[in-house]
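*Asks:* Chain by chain, the residues run as shown.
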Amino acid sequence: MSIFGEIIGTIRRVSPLPLLTFLAVTGALLLFPPLVDSPYALHIMILIFLSVIMGESWNILGGYTGQYSVGHAAYFGAGAYTTMILMQFREVPPWYGMLAGIAVSILTALIIGSICFRLRGPYFVLASIAATEILRLTALNLKDFTNGAEGILATDIPPLQFGSFLVTDFTTKDPFYYIGLVFALAVIAVTWIVQHSKIGYCFQAIREDQDAAHSLGINPSLYKNLSLAISAAFTSLAGSFYAVYIGFIDPTTVLSLDMSVQIVLICIIGGIGTIFGPVVGALVLVPLSEALRSNIITQGLITAGLVNEDSPVGQFLKENLAHAHVLIYGILVVVVILFMPDGVLGFLRKILTGKRRKAA
Amino acid sequence: MSAILELKHVSKFFGGLAANSDISFAMEPGMIKGLIGPNGAGKTTLFNCITGYYPPSRGEIFFKGHPITGLQPDRVCRLGMARTWQKVRPLVKMTVLDNVMVGALCRTNSLAKARNIAMEQLSVVGMEQKTHFIAGGLPIGERKKLEMARVLATKPELLLLDEVMGGLNPAESEEIIRLILEIKARGITQMVIEHDMKAIMRISDRIVVLNSGEKLAEGTPAEIVANQEVVDAYLGESHA
Ligand SMILES: Nc1ncnc2c1ncn2[C@@H]1O[C@H](COP(=O)(O)OP(=O)(O)OP(=O)(O)O)[C@@H](O)[C@H]1O
Ligand SMILES: [Mg+2]
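Quick mapping for you: the protein sequence lines, in order, are chains Y and H.
End of the first sequence = 739 in our numbering, gap-free, step of one.
End of the second sequence = 245 in our numbering, gap-free, step of one.
Some hints here could point you the wrong way.
Partial chain H-side listing against chain Y, Cβ under 8 Å, derived [said to hold, decoys possible]: (1) Ser7; (2) Lys98; (3) Asp103; (4) Leu116; (5) Thr159.
Mimicking BS3-like on lysine-lysine, the simulated pairs with C-alpha atoms at most 25 Å apart in a straight line are [to be verified]: (6) H/Lys118 to H/Lys98; (7) H/Lys203 to H/Lys92; (8) H/Lys135 to Y/Lys577; (9) H/Lys118 to Y/Lys577; (10) H/Lys69 to H/Lys203; (11) H/Lys160 to H/Lys135; (12) Y/Lys729 to H/Lys189; (13) Y/Lys577 to H/Lys98; (14) Y/Lys729 to H/Lys98; (15) H/Lys203 to Y/Lys577.
No wet-lab data here; the hints were simulated from the structure.
Yeah, the Cβ is synthetic: ideal placement off N, Cα and C, and Gly gets one too.
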């Protein structure tokens, strides 16, 4: 009760400028679908929202609590599989599937946490990878339950209706856009509340020095598990959303190490342990990976007249650069990590404060 | 008067090494107990056993009459015993104020209340001007004071200070001595590990001497200085 009152008090004290900016951006995002009538643009936006949810979720555990899980695919996959299994094989609407997924993910998180949190630093990282690999192999082999390597294809999504009032039948991208937006805002709000409460202080104290925190009355195992549970719940939400939106899941996408790394990168690229770091990470990574996938580099070289489309070089680039997008993506990520240790957001901040200092 | 802290036959082994062996003593409330001994005597290890950083291999520890042997550090802290670290452990990326607030949150769930407690303790150690500095950027003298403010914010009845004057210049040490005496005046019991003999003789009501993990002697500062065994084992070398 007192904590709740305190949060309200803190919200009241927020300075109006950031709040107004936030509201303005939210308003613009609400108007985006009717104004920009392009399914591809909506698709990109939906992927950005998805990345924001994934990045913010990981940020609570990795950024604020300092526990670098490289196994968050476990919770993404748990959400995706729970939702899809219930929807396809039991005809349960995804809304309930999503909630069930959260429950399954929190349970998984507490089991994984009780094992992995005994370890610290690099040992924790390895344990988190191992635990998720076990889940991936389980999903691969429990064929009767998960359809194994074939994965699960969503045939049709039950429409969302209240009584006889049809809200949406999910035939366009608009409902996914708005649902994604609401989820992304929700997880940003939760991060904000965590940061402005006792819980956030305990998380950060553990991140800075677990033994010092322990000696100051903080129970590390309680707060680490709490942090993981919150993180897993929202990662699961992202997994459910992904499954229903893309309409297909299999162990090598939703439960892979690749997915786990992807989730971590959103934070590292954007800026770890800050509210808007993952948003920046998503804004950088999603368009980048889409551009590379659609071979924008070759297109650019050809339009710039540097390479003739019909020459052997042009042919080679057209053939191969699209497949090399993972490689280029990887190189760019390494460059960002090397030159912007605090992420893009930290880098921008440094430039801005540097300029201000010079001006003063 | 009943003891605030009582150790009964406490031992701690690291493999074959007895870092503490069969140590017993009691502490009267409101007093300052000095804990001295050569490097490697087992002073820090004893603090670690008392505060639950690791359980003692043998023996029992009582705080305010309750057994606390093997209790986790967070529970010990909430019972009213706090410690500082020989090698200071600031929460480096957080501000000075946030560091002390973490200590204060041990007694309250409200950030506003924690902020008040933290400001109070920061002014006790004379750091109220530095609240928004990042802890990682402080010089050693201020890190030590920050560490003191942070444990004071947990509202302890018993404070264990591990070489809070280590690495400080004479002026800074003098400030810490004044602070320790001020804390005593507020009725908080303290156990102080210190290598500076002048300082420890001045502030302690009683002194325990450890040597090679064993309790060599216990008594008033005057008794300790006059103890031939202690002079041979420890004081002798620092006077030589
Ligand atoms: N975690 C540990 N594992 C193994 N040995 C340890 C451990 N901690 C301390 N020791 C050993 O126990 C002995 C006592 O160490 P301790 O740190 O308690 O000494 P100290 O009296 O605090 O010394 P100093 O005055 O140098 O701080 C030393 O020989 C040390 O090497
Ligand atoms: Mg020591």
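*Asks:* Run every hint past the structure and note whether it holds.
*Replies:* How the hints compare with the structure:
1. Among the interface hints, the one on H/Ser7 is violated; its C-beta lies about 25 Å from the nearest C-beta in chain Y, farther than the 8 Å criterion.
2. The beta carbon of H/Lys98 comes within 6 Å of a beta carbon in chain Y, closer than 8 Å, and the hint placing it at the interface holds.
3. Annotation: interface hint on H/Asp103 holds; nearest CB of chain Y at approximately 7 Å, less than 8 Å.
4. Among the interface hints, the one on H/Leu116 holds; its C-beta lies about 6 Å from the nearest C-beta in chain Y, closer than the 8 Å criterion.
5. Interface restraint check for H/Thr159: the shortest CB-CB distance to chain Y comes to about 6 Å, inside 8 Å, so the restraint holds.
6. Distance restraint check for H/Lys118 and H/Lys98: the Cα-Cα separation of roughly 22 Å lies within the 25 Å cut-off, and the hinted pair is therefore satisfied.
7. Taking the CA atoms of H/Lys203 and H/Lys92, the gap is near 22 Å; set against the 25 Å cutoff, the hint holds.
8. Taking the CA atoms of H/Lys135 and Y/Lys577, the gap is near 22 Å; set against the 25 Å cutoff, the hint holds.
9. With a C-alpha separation of about 11 Å, the suggested pairing of H/Lys118 with Y/Lys577 holds against the 25 Å cut-off.
10. Between the alpha carbons of H/Lys69 and H/Lys203 the distance comes to roughly 30 Å, so the proposed pair goes past 25 Å and is violated.
11. The straight-line distance between the Cα atoms of H/Lys160 and H/Lys135 is roughly 21 Å, inside the 25 Å bound, and the hint therefore holds.
12. Between Y/Lys729 and H/Lys189 the alpha-carbon distance is near 45 Å, which puts this suggested pair outside the 25 Å criterion.
13. Between the alpha carbons of Y/Lys577 and H/Lys98 the distance comes to roughly 17 Å, so the proposed pair stays at or under 25 Å and holds.
14. With a CA separation close to 16 Å, the supplied pair Y/Lys729 and H/Lys98 stays within the 25 Å bound.
15. Distance restraint check for H/Lys203 and Y/Lys577: the Cα-Cα separation of roughly 42 Å exceeds the 25 Å cut-off, and the hinted pair is therefore not satisfied.
Of the numbered hints given earlier, the model fails hints 1, 10, 12 and 15; all others are met.
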